[in-house]
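Modelling step: build the complete structure from the supplied sequences, incorporating the hints.
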Amino acid sequence: MLMTNAQPGHEAHDFDLLNDPEQVERIEVLLSDSASRNGFAKGSIFALRLSLHEAIANAFNHGHEGLPTDLTVHVRLEIAPDQIIMEVTDQGPGFDPNSVPDPTLEENLERGSGRGLLLINAYMTRAEYNAKGNALRMVYAKPE
Amino acid sequence: MLMTNAQPGHEAHDFDLLNDPEQVERIEVLLSDSASRNGFAKGSIFALRLSLHEAIANAFNHGHEGLPTDLTVHVRLEIAPDQIIMEVTDQGPGFDPNSVPDPTLEENLERGSGRGLLLINAYMTRAEYNAKGNALRMVYAKPE
Amino acid sequence: MPASESRIRVKRSGQVTQVEFLDRNILDEGNIQLIGEEIARLIEAEPTPRILISFANVEHLSSAALGQLITINNKVRGKSGQLRLADIDPQIYEVFTITRLNKIFQIHQTTADAVASFA
Amino acid sequence: MPASESRIRVKRSGQVTQVEFLDRNILDEGNIQLIGEEIARLIEAEPTPRILISFANVEHLSSAALGQLITINNKVRGKSGQLRLADIDPQIYEVFTITRLNKIFQIHQTTADAVASFA
Ligand SMILES: Nc1ncnc2c1ncn2[C@@H]1O[C@H](COP(=O)(O)OP(=O)(O)O)[C@@H](O)[C@H]1O
Ligand SMILES: Nc1ncnc2c1ncn2[C@@H]1O[C@H](COP(=O)(O)OP(=O)(O)O)[C@@H](O)[C@H]1O
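Chains as they are written, first to last, in my numbering: chain A, 4 to 147; chain B, 4 to 147; chain C, 5 to 123; chain D, 5 to 123.
Mixed in with the good hints, there may be bad ones.
Calculated pairs, BS3-like style, for lysine-lysine (alpha carbon to alpha carbon, straight line, at most 30 Å) [claimed, not checked]:
1. D:K83 - D:K15
2. D:K107 - A:K45
3. D:K79 - D:K107
4. D:K15 - D:K107
5. C:K107 - B:K45
6. A:K45 - A:K145
Now the stretches of chain D that chain A is said to cover, found in silico as 3 or more residues with beta-carbon under 8 Å [to be verified]:
7. 22-36
8. 57-71
9. 98-104
A few chain A residues facing chain D, derived, Cβ under 8 Å [stated by the list, open to error]:
10. G46
11. E57
12. T107
13. L112
14. S116
15. R118
16. A125
17. A144
Think of the hints as simulated: they come from the structure by calculation, not from any bench. These numbers come from a predicted model, not from an experiment. Built from N, CA and C at the ideal position, the CB exists for glycine as well.
Set out below in structure tokens:
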């Protein structure tokens, strides 16, 4: 069994995802619907959907860079009335998130990329990589 | 991680469900959509939805009979291109599925109830209870 | 929620009361209960009820719906009336054959056939 | 799929080329690439481009969309043109403040304000 303590409204969703925009959108819509049913506000849903989108894009674009295009990314959503956890795991070599340049520095401001992790960190309550750096766990607690 | 072998299109969904027709319908629609995306035919989706509906109804009506109404039923859906597994687990005492009368016998034919398990067994590839009798696992293999 | 939103459409044609479902899915027990009560009132209103239930547009049907149909059948019989079912698509019809309820109900291909069959 | 279904609506108003998005969600990189190419053609068509991009109706915006806006900004500048953004709802505007891109782009409350701001 997945959820150790049965609680009304709790739900979890796991996907082995191909790099297909339609599938990604479907998961984002499922996330938005479930969050809305669990009383998360419009601004929270905006933050959640954006963060999930950025994490999945990173998994395929960076995690699987140079790897076979049929590799899947695992997405797990855990939705409860008080918080939502999103995990995105790729099959790539991982990376060191501390080595990523700060896109808000004057000299980086006009770069064409490098803002995904910034947005995730700004919007999520917590966002942590595993040691290898190929799995991102994002926690969003419902604001009081 | 849930699915040991990552395979494109595989997905799993877990719900701690209250006895709320709207929630039940939502899960049935999710099942139908996912099955359809995975190439299951209309007749298969009919069979799957009906079986899931009957199993959930049994969990609340019989499994939780006389128990607090806020008890949840756990529903797990595992969807893959070749088969779909549905598990419905209640928090009741369980029962002996072999003790259930055959509703197709002449003398039972006009009974007002007792046809859910018959339909599940007719439509699913396999349907098995755990030893306690409070968890039903239904497997539906896509017809060749 | 309005107290008495109807879940069926009723049409009189001669001595026959034709019933059609507004929902595509006859699954939820609460709904099925309400449908049963509506049809029971139609039966009560007739000295000798001739009820035709059409399943046109019905896509899903649960065992609770089958139970309700048996209750309806008994009520109709109780008043020496007649019940006919019609417009059942093959998928739904299979539910009647698996449960052997095709032996209990008089099922006709079309509404016209069913209307013609009343004594 | 039609080869060149437009994802933007373009309106000329004086010397200003106004662009509006047809999608509510500017998230997918493939789409964003296509939008970028459409706007690039508008920039190329003008000697001194005055481009106004309206975000009315836009509900979601990814970092890839921000990257495309920077590319567009550079193309406009390369032709000594001007780029303005307008009609950005507060939720989307927050994305610009978190990324500090509100320091790069000239953002106006309304389309009218933005039109009036062109030199
Ligand atoms: N899953 C991942 N695997 C490997 N590298 C990653 C992963 N996610 C992010 N990165 C690295 O972190 C950098 C910053 O990512 P991000 O802030 O999302 O911006 P962008 O994706 O636009 O480059 C990426 O350029 C990449 O080098
Ligand atoms: N989850 C359950 N817990 C306890 N008893 C059950 C459960 N599911 C089914 N049963 C028993 O099996 C019987 C037959 O179930 P079913 O064939 O679905 O018909 P119905 O629900 O209409 O009675 C029920 O009447 C009940 O006694």
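Results for each hint:
| no. | hint | result |
| --- | --- | --- |
| 1 | D:K83 - D:K15 | holds (20 Å) |
| 2 | D:K107 - A:K45 | holds (26 Å) |
| 3 | D:K79 - D:K107 | holds (18 Å) |
| 4 | D:K15 - D:K107 | holds (27 Å) |
| 5 | C:K107 - B:K45 | holds (26 Å) |
| 6 | A:K45 - A:K145 | holds (12 Å) |
| 7 | 22-36 | holds (count 6) |
| 8 | 57-71 | holds (count 8) |
| 9 | 98-104 | holds (count 4) |
| 10 | G46 | holds (6 Å) |
| 11 | E57 | holds (6 Å) |
| 12 | T107 | holds (5 Å) |
| 13 | L112 | holds (6 Å) |
| 14 | S116 | holds (5 Å) |
| 15 | R118 | holds (4 Å) |
| 16 | A125 | holds (5 Å) |
| 17 | A144 | violated (18 Å) |
When the structure is compared with the earlier hints, a violation turns up for hint 17 alone.
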